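Peer 1: Residue numbers (my numbering), protein chains in the order written: chain A, 264 to 455; chain B, 49 to 617.
Just so you know, these hints were derived from the structure itself, not from any lab. Owing to the predicted nature of the structure, the values given are computational and were not obtained by experimental measurement. Check each hint, because a few of them may be wrong.
To be verified - Covered stretches of chain A, going by a simulated chain B footprint (3 or more residues, C-beta under 8 Å):
1) 320-330
2) 375-381
To be verified - Coverage of chain B stretches by chain A, computed from C-beta distances (three or more under 8 Å per stretch; other residues unrestricted):
3) 185-196
4) 216-223
5) 249-261
Think of the CB as a built atom: it goes at the ideal place given N, C-alpha and C, for glycine as much as any other residue.
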Amino acid sequence: MLQSIRPAIAMTALFTLLLGLAYPLAMTGIGQTAFPAAANGSLIVREGVAVGSALVGQNFSEPRYFWPRPSAAGAGYDGMASSGSNLGPTSQKLKDRTAETVAALRDSGISAPLPADAATASGSGLDPDISPAYARLQVARVAAARALPDDRVAQLVEQSVETPLFGFLGEERVNVLKLNLALDALASSPAN
Amino acid sequence: MTLMGWLQIGLMVAAVALVVKPLGIYMARVFTGERTFLTPVLSPVETLFYGISGVDRKREQGWLGYTFAMLAFAIAGFVTLYLILRFQDLLPLNPQGFAGVAPDLAFNTAVSFVTNTNWQSYAGESTMSNFSQMAGLAVHNFVSGATGIALAMALTRAFMRSGAETVGNFWVDLTRATLYILLPIAILITIAFMALGLPQTLDGSVTVTTLEGAQQTLAIGPIASQEAIKQLGTNGGGFLNANAAHPFENPNIISNFINIFAMLAVGASLVYSFGEMVKNRRQGWAILSVMGILLLTGICFIYWAETYGNPILSSLGLDPSMGNMEGKEVRFGQAATALYAGVTTGVSDGGVNGMHGSFTGLGGLVPMFLIQLGEILPGGVGSGLYGMLVFAVLAVFVAGLMVGRTPELLGKKIEAREMKYAMLAVLVLPLSILGFTALSAVLPFAVSSIGTGGPHGLSEILYAFTSATGNNGSAFGGLSANTPWFNTTLGIAMLLGRFAYVVPVMAIAGSLVTKTKVPASTGTFPTDRPLFVGLLIGIILILGGLQFFPALALGPIVEHFLMLAGQTF
Chain A
264 MLQSIRPAIA
274 MTALFTLLLG
284 LAYPLAMTGI
294 GQTAFPAAAN
304 GSLIVREGVA
314 VGSALVGQNF
324 SEPRYFWPRP
334 SAAGAGYDGM
344 ASSGSNLGPT
354 SQKLKDRTAE
364 TVAALRDSGI
374 SAPLPADAAT
384 ASGSGLDPDI
394 SPAYARLQVA
404 RVAAARALPD
414 DRVAQLVEQS
424 VETPLFGFLG
434 EERVNVLKLN
444 LALDALASSP
454 AN
Chain B
49 MTLMGWLQIG
59 LMVAAVALVV
69 KPLGIYMARV
79 FTGERTFLTP
89 VLSPVETLFY
99 GISGVDRKRE
109 QGWLGYTFAM
119 LAFAIAGFVT
129 LYLILRFQDL
139 LPLNPQGFAG
149 VAPDLAFNTA
159 VSFVTNTNWQ
169 SYAGESTMSN
179 FSQMAGLAVH
189 NFVSGATGIA
199 LAMALTRAFM
209 RSGAETVGNF
219 WVDLTRATLY
229 ILLPIAILIT
239 IAFMALGLPQ
249 TLDGSVTVTT
259 LEGAQQTLAI
269 GPIASQEAIK
279 QLGTNGGGFL
289 NANAAHPFEN
299 PNIISNFINI
309 FAMLAVGASL
319 VYSFGEMVKN
329 RRQGWAILSV
339 MGILLLTGIC
349 FIYWAETYGN
359 PILSSLGLDP
369 SMGNMEGKEV
379 RFGQAATALY
389 AGVTTGVSDG
399 GVNGMHGSFT
409 GLGGLVPMFL
419 IQLGEILPGG
429 VGSGLYGMLV
439 FAVLAVFVAG
449 LMVGRTPELL
459 GKKIEAREMK
469 YAMLAVLVLP
479 LSILGFTALS
489 AVLPFAVSSI
499 GTGGPHGLSE
509 ILYAFTSATG
519 NNGSAFGGLS
529 ANTPWFNTTL
539 GIAMLLGRFA
549 YVVPVMAIAG
559 SLVTKTKVPA
569 STGTFPTDRP
579 LFVGLLIGII
589 LILGGLQFFP
599 ALALGPIVEH
609 FLMLAGQTF
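Chain A on its own, in the form it takes in the complex:
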């Protein structure tokens, strides 16, 4: 045991220098040089203002925007408190929360059966996506709030649907922030 003391201490120090400092700092250098946008959070800048990250969801509650999924991150989409609800399938809290969300969506004018993502919280609380089905159900509300024809908004939704890679890797989804940015851009461009 005694002859292990020196190598144990020396190796711990050496590995800390190599793996704990040299490796992450070198990687940071490469990242900041080769992939600066990604390395700093894939921010979307509109008119000089960072409006969000392309990868991270944010809260939308106004009727003129598409809404994301319920979120358990802090008070909702808190980027400093990522979390799922961690409620079990037989949780009364989960049942109550879901019933509340369903009622709110019914009030907003949706009568069809809801896709599961519409009333469940994601694992991260920061899910940037919703299912295309949930986006389609919100078209009427958004179009009415913006005084736009339904099919113009519906068209935008279809253009925003991201499909699985190579046709099978991943799921169909709609990035809510990107869709809402496209919606804002549509509203500010001359009518066509």
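Dock chain B against chain A, hints included.
Peer 2: The following block gives chain B in isolation, referenced to the frame of chain A:
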């Protein structure tokens, strides 16, 4: 369940099957001391390490010396990490100005990362400075994995050598596993991750103004470099609280694929290295097929249970066709989440891309059960191989009992001594898991940590001790585990799961290495054929699994039936 989902799972199997041979042969060369294409670059670094540490690379150790070296290194790592966490407020690279970590949490976290568990009673983005993450936690993501590989190589040498005394030099194995295997692959994965969108910066956060005019602050940091080794070393401790469900740890389906592939690559390839080193490649493939069959069965079961969904939520008006989406990300859906959950518990990773605690009863049972089998499918880097070899020892012993002949494994006679050590090792899991769970289920201050009542509450506690003892690190997150009771007992469970397990395993290595190899005769039970594959699967399920069945029946299985009946708590 969809064809697309099955194709995703199939593609992963194919990718791992393709890498097993080249990576396995490469690693075998690394540990037999042969030249590799990286030798010209790394050899000087290696020599420098040995020089400063006073290690004579030619001097090998017996099993005791090897084990003591491993323990001394773990203690040095634990003390260093504990101090870094306690005093992170005085250390650099703390952009958010986090305070030092509380003593019980620092103990729990230091044990957790030194034992390759990565159980996290804390949320990364609100607790850990960048320095603690990089120079503290990530260092152990490398070296705890490398320690596992080293131990597996020591046991492998016990089967390679005939009538020998030594099993290798721990310092050499540790250094080579880190420099030649983990670091180069981690660099490649980090670069891929950064290209796919993972942040890599020394800043702590970035603030944006949302479209509705609110301020949103996003935690960032050196995430890509940490995520790479977190997965490759089967550690699983997320930089951020939501782990690989967080878009910054796992932004898309490709990063998800690399995440899962990285968990499997080294562990599975080491089995091939084993076959290569004991000069019986069929043996490697036989063990790999046991792992593959059991793991795929588990993944399919999770996929089925989660796609079936939660009837309680369907009754409120949710369309059941997407399955149970609570705790899951839209970009991953059911197939990629089931695949991740199965693999992360089949190996000893513990990273998650969906919250296991919100899985259905049966969907949550499988990850727990896969850990309870000993995380040998294919298991943590190194720890999976030595865990599986313990089961192989037990399997040939049972086969020997059936025909009344002294059992042999790869020419080594398995006798009473090896059996005693093997039993000591496998008894650690039920002792710690069931013992601590039983205690916590009756102590009022422990029960008050439960998130969801009823059978799910028992599952939360059972999963916590399963995860800690199995050195996995995933959780049913409803349990508020950041209390002195859970931080301390889970810390002890992690220590038992790692060290009380490997010491008997090393004793087996020490006993086997001295034995002379006996040539195979017509009476030898071949351990590289389908019959042995079937026997080994049976032994794993009966010995590894059955002892946990009563506890599982009271937790997830009861919950499944109550969920079908619509009962809530």
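Peer 1: Against the structure, test the hints numbered earlier, and report the numbers of the ones violated in rising order.
Peer 2: none
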